[in-house]
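I would like the entire structure built from these sequences, with the hints used as guidance.
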Amino acid sequence: MNKVIKYTVLLLFFAPALFAVGAQNDSSAFITLSGNIFSDKTLSAGRYLIQNNLRVAKDATLTIEAGSELVFNPGSEIVVLGGLKVIGRPNEFVSFYSLNSTDEGMGISFAGPNPVAAVHIEYAEFSGLIRPLTFDNNWYRSSVLIKNCQFKNINNNDAGVLVGNAEHLKNTATIQFDFEGNIFADNLSCITFKALSAYNVQYNFINNLIANNTVYDFKPRAKDNPLNGEMDADAEKKPISIKNNVFTGNYIFHEHSDTVLDMAGTGFDGTAKEIDITQNYWGKEANSEWVNKNTYGFHKDKFAPELKHTPYLIKPAAEVKAFITQITLDSGKNDPNKPVVDFIGKTITLQLSKPIAKNQKPVLFAAYLDTSLGKIFTQPLYDFDFTYSAGATEAKLLVKKVAGIEHGFYLVFSGLKDQEGFELPAASFGKFYLNRIFGLYKMNRKIDLEVFYANAFKWKTPPPTEGVIETVDPKLKELEKRAHSYELGLMLGVTNYFGDLSTNDFNRDEINDAYGIRFRYNYSRRISFRAMFNYGALSGNDRYSPSELRRERNLSFRSPLYDFTIQAEYHLSHYIFSDKNRFIPSLSTGITVFHFNPKAQYQGKWYSLRDIGTEGQTSGNGKKYRLTQLALPVGFSFKTMLGYNFIAELEVNFVKTFTDYLDDVSGKFPNIAKVQAANSGTDPDAVSHLIDPSGGRFTEGARRGKPENKDWYLLLGISLSYRF
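Quick note: the sequence shown uses this note's numbering, first residue 1, plus one each step.
These are computed hints drawn from the structure, not numbers from a lab.
Just so it is clear, the structure is predicted and the values come from calculations on it, not from any experiment.
Below are the PhoX-like pairs computed for lysine-lysine, each with C-alpha atoms no more than 25 Å apart in a straight line:
id, residue 1, residue 2
1, K284, K300
2, K41, K85
3, K194, K85
4, K293, K194
5, K396, K315
Distance ranges between label pairs, derived from CB positions:
id, residue 1, residue 2, range
6, E319, Y216, 27 to 37 Å
7, L720, Q629, 27 to 37 Å
8, K293, Y216, 13 to 23 Å
Idealized CB from N, CA, C, for every residue including glycine.
Next comes the structure, spelled out in structure tokens:
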């Protein structure tokens with residue numbers, strides 16, 4: 001058993017290393033920036049790491065040229081007291097993003113008044129930052145232009161672009177703050193102007209695309225809208241331009257129930273009597289009632305300004321970036337409340353606001369919520385077709401099938417780009433349905449969340465019956481079936497044996513190759529059943545023993561091994577792969593049927609030791625042992641996901657047999673002459689040698705083995721399985 005312990009220690013020590021996959025961004029690949037910039041500085045195209053906070057002094061202007069990437073360490077920030085020029089170009093943006101997607105950088109903040117410095121940002125992409133742009137109170141500059149930029153994957157559930165009060169008593173000249181031609185889409189965030197009524201700023205918010213943004217709250221409020229701000233009565237003294245923008249697909253969700261509280265677009269607080277938001281596009285469904293649903297003003301809050309939205313645009317302004325205007329499913333209009341299964345295997349037509357780039361590389365993801373971490377994770381899908389003809393305003397998507405997803409999910413289709421390189425807002429399928437199911441669980445506890453979400457071990461309600469599932473929604477039955485999956489794979493490994501001819505030390509000469517086939521049925525998140533067939537060999541030899549007496553005994557054997565095993569498997573964590581569950585340990589046990597036939601060699605010829613009866617079985621001294629027997633396997637494994645459908649597994653099975661004859665050594669030495677007589681057709685010298693290779697050192701009745709200790713064998717291997 002010392003050998004068993006050593007194998008276990010080796011397995012536990014090396015398992016994580018064998019399955020380590022993925023890599024972090026290498027910060028050494030960047031030019032490091034930190035500290036202060038006291039004079040004008042230009043960053044040419046390259047990759048720059050904001051290692052710690054970087055400050056641009058009051059008398060300096062930082063210029064960032066097209067093709068540059070500025071990557072933020074966790075919590076790092078660029079603080080601009082002077083000027084900033086970001087000069088990207090179509091299809092050659094300046095990119096701002098975080099080094100670590102799970103521990104994000106802050107972004108850029110503008111602090112302190114500086115009437116001679118300007119902020120000019122064009123063709124920039126901001127992604128995965130806590131707050132890309134912050135204009136602190138008293139941020140006054142000579143002008144601000146944010147044009148043709150993209151903001152995405154901002155997930156702070158608060159302002160992603162925050163503009164404070166620019167008021168600075170020494171500067172009364174009105175300056176321009178232009179936010180024009182940008183895309184703010186696919187964010188858990190919003191754009192907030194704290195003081196639209198500032199006496200010295202003319203705000204222009206024109207030709208922007210605001211789409212697919214969400215905020216979570218307990219009730220709808222002005223600040224939850226993707227464009228929101230505060231406007232006092234003073235604002236009526238000067239115009240504020242909010243024109244030619246597109247507001248579509250924005251929602252406020254309930255923080256607890258995950259249900260839609262309200263649609264969203266613009267929302268304003270303050271004492272202003274009226275705010276003009278005419279000449280904006282609110283979607284193909286737009287009418288006065290629809291626009292009211294997408295806005296937050298006096299009609300929803302008696303203390304808010306009245307919003308004047310009519311006339312509104314009946315089609316998007318030509319200057320607005322391309323987006324998906326409508327989705328139809330098999331020639332029928334899409335219902336956003338449909339479950340995801342209704343979108344699989346059907347033609348999805350995407351209507352576009354304008355033609356996009358000819359060559360596209362779109363991506364399709366399954367998105368799911370890890371409730372233990374409270375984060376959304378995605379898994380790429382590849383089995384889909386996308387067709388688009390150059391110059392067209394229509395595209396086709398066919399999701400052929402979805403496999404390997406074990407929890408509730410919805411589909412996200414993204415990556416389409418226009419002719420300038422801007423990414424169109426994503427299209428999602430089944431999101432509202434899944435949110436509704438999640439809300440039903442959290443608010444009413446009617447269903448088992450484990451059917452739909454990964455790692456939902458916070459709740460321990462019993463699994464639902466089919467009747468309960470269908471009561472909540474008949475479509476849930478289809479989703480529940482996805483909890484079950486199958487795997488088929490191959491194993492490559494080694495065997496070793498523990499018995500009368502094994503040693504207590506690792507001996508590579510007695511390690512034999514093994515090959516296997518694996519089939520697994522995943523019954524639930526914790527329980528699987530698997531069937532395995534393994535082929536290998538077992539061997540042992542006294543020559544490797546540290547005992548002089550055993551070396552004199554000089555017995556040896558070699559046997560083929562055919563092993564068929566059925567096991568129940570318990571996963572120590574939910575059998576769902578995520579950023580948290582990258583490696584899944586499992587325990588297993590069951591029953592094994594195995595076949596063996598120990599042999600030994602004499603003068604180059606192999607003999608079946610059982611047929612000879614080396615302990616007198618052929619000469620009336622007991623019965624021959626059976627070559628096919630039952631055994632008890634105990635297994636331990638580590639699993640991880642490789643790619644999309646493939647699962648790699650490091651496994652070890654200790655198999656306890658109920659025989660002491662794997663090695664043909666158990667009882668006592670027989671009368672050799674009687675055994676030779678019983679094997680009259682076999683060379684008597686061979687019979688004598690196979691019984692006692694010591695040449696007569698052991699007499700009849702001497703102990704040959706230890707019958708009280710049954711034999712074991714071990715299977716250690718790596719398997720690769722395909723999940724379907």
